[in-house]
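The sequence shown begins at 1 in full-length UniProt numbering and counts up one residue at a time.
These aren't lab readings, by the way, just hints derived from the structure by calculation.
Every residue gets a Cβ at the ideal spot worked out from N, C-alpha and C, and that includes glycine.
Some clues are possibly wrong.
[Said to hold, decoys possible] Pairs of lysine to aspartate or glutamate, EDC-like flavour, derived with a Cα cap of 20 Å:
#1 K81 <-> D12
#2 K99 <-> D49
#3 K99 <-> E42
#4 K81 <-> D60
#5 K89 <-> E42
#6 K95 <-> D60
#7 K51 <-> E14
#8 K81 <-> D104
#9 K95 <-> D49
#10 K81 <-> E10
#11 K99 <-> E64
#12 K51 <-> D103
#13 K81 <-> D49
#14 K99 <-> E43
#15 K89 <-> E43
#16 K81 <-> E29
#17 K99 <-> E47
#18 K51 <-> D8
#19 K51 <-> E29
[Claimed, not checked] Using C-beta positions, here's what the derived DEER-type ranges look like:
#20 P94 <-> S13: 28 to 36 Å
#21 G91 <-> A67: 16 to 24 Å
#22 G50 <-> V86: 27 to 35 Å
#23 R72 <-> A19: 24 to 32 Å
#24 A96 <-> Q17: 24 to 32 Å
#25 P63 <-> A96: 30 to 38 Å
#26 W30 <-> D103: 24 to 32 Å
#27 R72 <-> E29: 16 to 24 Å
#28 E47 <-> S87: 12 to 20 Å
#29 W30 <-> G50: 28 to 36 Å
#30 K51 <-> W30: 25 to 33 Å
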Amino acid sequence: MATQAVSDAEFDSEVRQSATPVVVDFWAEWCGPCRQIGPALEELAAEYDGKVKIVKVNVDENPESPAALGVRGIPALFLFKDGEVVSNKIGAAPKAALKAWIDDSI
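Please model the entire structure based on the sequences and the hints provided.
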């Protein structure tokens with residue numbers, strides 16, 4: 001399964017009400033570090049298929065969700081479990097570090 005684009009309108013149903021943990025990647029098209037971690041997140045989405053859902057929220061098109069969570073810089077990764085934020089990570093990181101962060105958080 002690949003990452004899934006989520007809008008502000010879908011945020012609650014896709015993230016907060018998800019039965020599985022969800023990693024939310026707040027990103028923008030113009031953000032170099034965001035594009036840098038994109039391929040790693042796609043690979044991790046496939047590896048965690050059925051265990052963890054990875055979604056992407058474009059902050060330019062969907063300003064409400066990042067504002068509600070106090071996102072000030074991107075890429076900003078938030079891990080939700082049972083509708084609550086259990087961990088967050090700001091900035092780009094290699095795939096191995098992202099995987100370790102997810103494993104530690106779930």
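Which numbered hints fail: 4, 6, 11, 16, 18, 19, 22
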